[in-house]
Structure formats: structure tokens, C-alpha cells
Amino acid sequence: MKHATITEATFIRDASLRSATKPRGRPLHRILVSFSAAYFTGALVTDLVYWQMPDVLWERFSIWLIAAGLVMAGLAAVAYAIDLAGGRQINRPAWPGVTGYALAVLLSLVNAFVHSRDGYTAVVPTGLMLSGIVIVVLLLTASVTVTLANRPRVGG
Amino acid sequence: MMQALRIAHSKKQSRLAVLLVAVAGLGLAGCDDSGGDPKIQIGANPELPQLQQYLMPPIRIAKVAGWGKDETPTVPQGLQVHALASGFEHPRSLYVLPNGDVLVVESNGPKAPISRPKDIITGWVQWFAGAKAKDANRITLLRDTKGDGVPELRTVFLDHLNSPFGVALVGNDLYVANTDAIVRFPYQDGQTSITAAGTKLTDLPGGPIDHHWTKSLLASPDGSKLYVGVGSNSNITENGIGAEYERAAIWEVDRASGAHRIFASGVRNPTGLAWEPESGKLWAVANERDEIGPDLVPDYLTSVQDGGFYGWPYSYYGQHLDPRVEPQRPDLVAKAIVPDYALSSHVAPLGVAMYTGTDLPANYRGGAFVGEHGSWDRTPLNGYKVVFVPFSGGRPSGPAQDVVTGFLDENNHAHGRPVGLAVDRSGGLLIADDVGNTVWRVSSAKPGSLTKPGT
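Those sequence lines, one after another, are chains A and B.
According to the numbering used here, the stretch in the first sequence is residues 105 to 260, in order.
According to the numbering used here, the stretch in the second sequence is residues -13 to 441, in order.
These aren't lab readings, by the way, just hints derived from the structure by calculation.
Just so you know, even glycine gets a beta-carbon here, dropped at the ideal spot from N, CA and C.
Be aware that one or more of the hints could be misleading.
Cβ-to-Cβ under 7 Å is the rule here; a few derived chain A residues that face chain B [said to hold, decoys possible]: (1) Q156; (2) I167; (3) A171; (4) A185; (5) D187; (6) P229; (7) N254; (8) R255.
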């Protein structure tokens, strides 16, 4: 729970100041965000396998993948805070990206609790649906972010 | 730029508010733990509410306080209770030898593997509840030759066992149910310690998971068979159905050959076995499943039918399906037996003793005492006491009565938690207390008895 709060709060505080520091290379938090997205995607895959073939092994893959994704999200928030404290100038509004990612992390946190149930209903149907929704949110967030990044900049 | 910041600031507040509401909602979802009156779940026809599944299952464990000097549990008028001995390491079960010596099994479960992040949290909870005591793996002998409730002799009877629980003596063969095997030791009347190596009679389902590790043990009256209560390897098959092979069952082991068959199955955790004195039938106490509500599923006391199936994991109390199990087994559910007597939900009965002694008042004769270790997942806490179920004609004949209470104080701190029970040679009821690390003895309050009431 704390993770989500920190993530959200941190992103919100500085979201309007984001980007524009390409010269120093890819910021660490974006790498970590990619990691968490990959973990959440993995969880959807293992959930789908479990749904088709309910062997407890797949459910365990899912919960560890979700947990790892949440840890990465927490680290991403910390890295983001450090980047900003280090004086990175970010001047492009990034609300869609931040909000979308925070929503995905929050849903994944709920999903971690669902996946901690015992037996079949740890995945089917609620856990599987949440895993799917998380990926949809992440995909939408990514596409909106890319669209915004390619849009000619207005103002400063 | 400034304006953008200001807008961002107000948006931030509204978003944070939304987030906080969401978080609070999550918290509330995890707090629906208030159970109903346990009394409506005692007896042959317990009320069973709709099952619910949690985001965060409630954890409501009693904080360990221990017993102060001269503090004891409470018993009704006409009875007295005192500590037979204390200073044990997690005493779990008791056995009385024919010469009156009392065996105290000091034991704890093997280290649980961490299969999921949840298991880390479960470990913390168990530590908090005083369930993470070191596994002494030993049986201590207490000898009270004068029968006054003050043992003159205390020796280490058997050491270097492996999470032992059940004990049974047949002739000169003493059987100890370790968590992974029944081991036979030679025993001579009056012996105070056994150093001989044991001989394995049969393997029992043990590690590496060994979720319910206690193996209760009871010899048949003619001594030819041993009955073993083998608990499930999970709450509700979350470790896979393959891990449940020959578990959640009562085994019948042939004493001569060590061969076994499944006497009854579908009993999630049969922690105590006893012969009902009037009918001569096998009875058991069992711990039912968790995490589907404060009032589900009631733990029970039941007669055990040969070949009977009692529902776990597919259903409970007959045909109430558990959606957490997939694939389901309608063929087994159809023949699932409804247990005889519900003890109410999450009381965790870990010991049963049919009272055949004569010391306690006549109304206790022929009935069953049940040691209720106490709940960890509901409000208000349930169990944490020893109850008495009256029997007549070989069947329970009335509501359960509280006999030994006071393990919990008014702040819900646990001074002790009752586990195994036994009736000693002079008819006193013995109670193992694995949090208070004491063995209590309950007897009739007689004028002129050597122990004063309440001490």
C-alpha cells in the first residue's frame, strides 16, 4: 500500500517538470518502469496458462512476478525522486503517463492481494482480469505518452 | 510556468484524495472480520453464512502475555485447577501411562518453506502469536506417585524426536507419531527414560511442505491397529492437489506389518482421536478451512465412519462447495458426510479426551472435553478455552459448556493456549498449554484435598 502512495505522490509532485534532459541519457526510473511493466506482462501470461491448466506452479509464478513488478515500481519512484532532486529540468507536461502508470501499479497492488488468496480463485476470475486490465492500462499509457512526445511542443 | 505548477498542484490534491479513498476502501475490504455469535454454530445444525473472499484476510491474533505468578485459568464452581508442572518448551500433547506417569510432548512444527510472498507474512504472524517456539523434539515424563497433583519426578523420557505429537502404548511397545513416521520404542513399566533406538513402523506424510504437521495417534482397544490423524498440506489445496496424497485423512495402520489404509478421508486436520466409551466408535476433532469468513467453516467433533469422506477440499458440511478448488469432484461431494457436532468457527480444537474417570462431578462422565487453541482470523476471538460436550447414548446430547477459561484476559492478551488433553490415573483432566508452557490439572474441589482451589 505504501508503495502505491509513494509512487503516486512522487510522480505527482514533479510530473509537470518532466523530460527534456535527454543529454544525460535514459533516466534510471524509466528503466525501472520498463522492468515493472515486463513483470506485470509476465504475470498476465502465467495467469493465462494457469487458467487453462490450473497447476499451482503457474499461480506462484504470477504472484512473484507481480510482487517483483511492485518492488520495481517502488524503486522507480525513488529513482524519479532522486533524478529530480539532482536538478533535472523537466518541462513537458507528463500527466497522462504518470497517472496511467500509477493506476497500473495500484491495480497491481490489489492484484497481489487477490493472488495471495488460496486456491483457484486467487487467479480465476478476478486475478486474471486484473492482470489483463493492468496491461491494457500500461499499453494505453505508453501509446498516449508516445503520441504526446511526438507532438510539436507548445509553450515552454 | 507558474500557472502550470499551480494547476498541477490542485490536480495533485484531488488525485491524492482519490487515491486515499481507494486505499481506505482497500483497507475496509480487509476488515470484514466480525463474526456472529459462536453459539449458533455449536451442535448438529450450525448456521452457515454465505462465503466471502478477501482482498486482505483479517489477522486477529491474541498478543502473548504469559501467566503471572499464581495466575491460573478459571474453572467453574466445584472444580479446581493448578499447574501440574511448568517451564516446558511448547508442550503440545499429553499421554498417561498405565502406572500413572504423564508424558508431555514438547514439540513444534518443522520450518515452513516460503512458496509465496504471503508465507513471509504468515511467518511474522506466527511469531507474534508465540507459535515460533524452538522445536524441543522431546517427551518429558512427570511422576506423581502420591496422586496429589505435585509430581516428585521429572525426567527427559525421549529425546531427539522429529516434531512428535501422538503417543500410544500397546503392551510393551510405545509408539510415537513423529511428523514423518510412526516409531516404536521398547517400554517397561516404570521406566523413566528410553535410550533405545526406535524402530520405524511406517512412514507418514511429512516434508518438505508439511503444512499441518501434527500426527495424532490412537491404538485400537485390542491393540492390533493404530489410527493416525494426518492433516492436509495446505489451507485449501494452494500447494497443489498432488501435495495432498493420503493427507486430510485418518489412517488405519496395522501394528504387526506397518501396512496402512485410509480409514476416512476429507477431514482437513484431524488433530485429536478418541474412542467414545459407550458405543466404542472412533471420534475425532478436526480443524476446518480458513479465509472464507469469520463464521466459516465451523470446526467439528465427529464420529468417524469407516470409508467415510468428510468433504475437504471440495466441500464443507456436506455439499457446500468451495469455489477455491479446481477441478471439482462432484462424485466425492455427493457422498460427503456432514460432521456430527460443530464447535463453531476457527476455535481450533487441538485435543479431545472422552472422560471415563470418576474424580470430576458425575455430569462430566462419558462426555468429551475439547481443547480449543483459539482463533487467529476473526473478531471476537473464539476458542482459547477447554469446553465440555455432554454425551448420551454414544452421541452428543447438548450444547458445549465452557469448563476451563481465562486463557484470554479482558484485553485479549493470551496468558496461555490449550492444546492436548488427557485424563490422568486419578481422574484429573490434564491440559497442555503451549503458550503458557504449562501442564494444568483440573480436579474436583474436595474439602481436605491437598491443593487449594485456584492455586
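Cross-check of the supplied hints:
1. Q156: This interface hint is violated because 12 Å lies over the 7 Å limit.
2. I167: holds (5 Å)
3. A171: holds (5 Å)
4. A185: violated (15 Å)
5. D187: violated (17 Å)
6. P229: violated (10 Å)
7. N254: violated (21 Å)
8. R255: Violated. Min distance 16 Å.
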